[in-house]
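> Please construct the entire structure, taking both the sequences and the accompanying hints into account.
Number of protein chains: 2
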Amino acid sequence: MGGDFGPRSIVQACIASLSATPSLHLTLVGQPSLLEELIASHPAVDRARLTVTAARETISMDDKPATALRGKPDSSMRVALELLRDGKVQACVSAGNTGALMALSRHVLKTLPGIDRPAMVAAIPTQKGYCQLLDLGANVDCTAEHLFQFAVMGSVAAEALGVTRPRVALLNIGTEDIKGNQQVKLAATLLQGARGLNYIGFVEGDGLYRGEADVVVCDGFVGNILLKSSEGLATMIATRIEALFKQNLVSRVVGALALPLMRRLQADLAPARHNGASFLGLQGIVVKSHGSAGVQGFQSAIARALIEIQENLPQRLRGRLEDLLP
Amino acid sequence: MGGDFGPRSIVQACIASLSATPSLHLTLVGQPSLLEELIASHPAVDRARLTVTAARETISMDDKPATALRGKPDSSMRVALELLRDGKVQACVSAGNTGALMALSRHVLKTLPGIDRPAMVAAIPTQKGYCQLLDLGANVDCTAEHLFQFAVMGSVAAEALGVTRPRVALLNIGTEDIKGNQQVKLAATLLQGARGLNYIGFVEGDGLYRGEADVVVCDGFVGNILLKSSEGLATMIATRIEALFKQNLVSRVVGALALPLMRRLQADLAPARHNGASFLGLQGIVVKSHGSAGVQGFQSAIARALIEIQENLPQRLRGRLEDLLP
Chain A
153 MGGDFGPRSI VQACIASLSA TPSLHLTLVG QPSLLEELIA SHPAVDRARL TVTAARETIS
213 MDDKPATALR GKPDSSMRVA LELLRDGKVQ ACVSAGNTGA LMALSRHVLK TLPGIDRPAM
273 VAAIPTQKGY CQLLDLGANV DCTAEHLFQF AVMGSVAAEA LGVTRPRVAL LNIGTEDIKG
333 NQQVKLAATL LQGARGLNYI GFVEGDGLYR GEADVVVCDG FVGNILLKSS EGLATMIATR
393 IEALFKQNLV SRVVGALALP LMRRLQADLA PARHNGASFL GLQGIVVKSH GSAGVQGFQS
453 AIARALIEIQ ENLPQRLRGR LEDLLP
Chain B
153 MGGDFGPRSI VQACIASLSA TPSLHLTLVG QPSLLEELIA SHPAVDRARL TVTAARETIS
213 MDDKPATALR GKPDSSMRVA LELLRDGKVQ ACVSAGNTGA LMALSRHVLK TLPGIDRPAM
273 VAAIPTQKGY CQLLDLGANV DCTAEHLFQF AVMGSVAAEA LGVTRPRVAL LNIGTEDIKG
333 NQQVKLAATL LQGARGLNYI GFVEGDGLYR GEADVVVCDG FVGNILLKSS EGLATMIATR
393 IEALFKQNLV SRVVGALALP LMRRLQADLA PARHNGASFL GLQGIVVKSH GSAGVQGFQS
453 AIARALIEIQ ENLPQRLRGR LEDLLP
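Residue numbers (our numbering), protein chains in the order written: chain A, 153 to 478; chain B, 153 to 478.
Some hints could be false.
Copies of one chain are not kept apart here, so a pair can be met inside one copy or by any two copies together.
Unchecked claim - Below, computed lysine-lysine pairings styled on BS3-like, alpha-carbon distance capped at 30 angstroms: (1) K331 x K216; (2) K398 x K240; (3) K337 x K224; (4) K262 x K331; (5) K337 x K240.
The set of hints was computed from the structure by calculation and includes no laboratory data.
Everything numeric in this text was worked out from a predicted model, so none of it was measured.
What follows is the structure in structure tokens.
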């Protein structure tokens, strides 16, 4: 029921995902009449693979996590997570209120043993490919132990996505040992002693985009600011390029020729909009699609959930945590 | 003596600034023989406006602030700051080690009454013009009181640069009151009660680039990560655009046509390289030019110092602090 474009674009994304992946089954959770109406406009859909589960309430973008937890026992978000907890589905994908989704996920699914707080991770494009950046805003104040847990989770997630011996780094304002705040310095000490983790040290903001690490760890305040400012900057650059190209006849012609190139670039540079962000550290797979992602974005979020199911990410994470955590 | 390109490009920038501004006098501080040799290759320069002051030592980029403070009593950086403290010059511009420059500035010049820690500020381009972002890395752990002081200093700096009633915002991970860490929430309370300050609330990373505020306040850890990741992203985008344009014959032709447009954009988007960053809150004007700025960048840093001299920024700041601080 969530997302800036509402269930219409989510249903569209689901229909597209079902045709792309013949083994996929989807359950839509929300107001049945509305969902059935939206599905009805796609008569070719295989209804054996697309079911609807009723939920009377909806969590709005303005609802506080506490309201989601205590005030709406039959919200679509909660019902979806309960289906996951009860083994009726293998992953939950939502485009709704992030804070509510995190609070409900922790409450309904619980964290893995050894994990205090789940983290939110997304793939960020770099000069050399992608890096997994976490936390993206779920945890504002983090201790060194939390950052250590994020590093372990990010490393396992990167492995699941196909990276061999992922290079794990802490985001910092310099690469020397003396740089940074207490949490970061202490987390570095913890990570230096961790067996089986390819910890490479500190990385700076520009080093992240140069592709110096496969996993970049920071607290949720810093990660959220980095992600949103990057999105804002990418949008500003796109706007300026358009404006430059419109200035005179020559640049208009150049601009018209360059347009398809620019479109590809823009799509590549808005990863959080286009790919989902995963919640790591829960006893279950939860993927958050960007609220303004649209059809394509929600489809990518479903695809990320599929990979995590195939790779059995929570179970892999559980095994690695048993090895690594004290 | 500092900067990635050394004194050669600094001397070049000085010569260019002297011809651009007939009222400007410059004093170069460092190894006299080297500096005189570099000046000698510009025979047209008006030596009445370009003097040299000797300093035997140089602070390297790897020197710790403690080394700068205690181990090198005759460093070019320290001697330049002492000239400023003694009223022999009106501002100090350096492309050297940032941490050393900040430590020496505090030690030699002292902070203004009411300021615990100086902050580093730079103008960041936005969709609507520029915003002053501070702190950029001088203060890693900040209390709410520090953030409040940064807000006051940023507002006065924006006014000096020509902005009427600058909109001051705190950088946060959401715009609702409940969002953020303790320091940010407490700083919001302090700012809401400040007379004569146009505090507009929280701004997010994307809001900064949308131009929602004229002054954006954060701790030095967050500001440094934001600034460097923005530089890294802008570089990555420029690299990708170049690569896109090289793919085939059509895109090569488009790329050749678009090149001058792209160059202008790149120049506009690397503000920290192109404009200097000011240290605010000191009893004197200190501008830090980016180490890799080159001739143009150092010239811009000198231009920023000139504006701050004309606007008598430290004195304005002192007056405003007396009005605003408890």
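> Hint by hint, work out which the structure violates, then give me just those numbers in ascending order.
Per hint list: 2, 5 violated.
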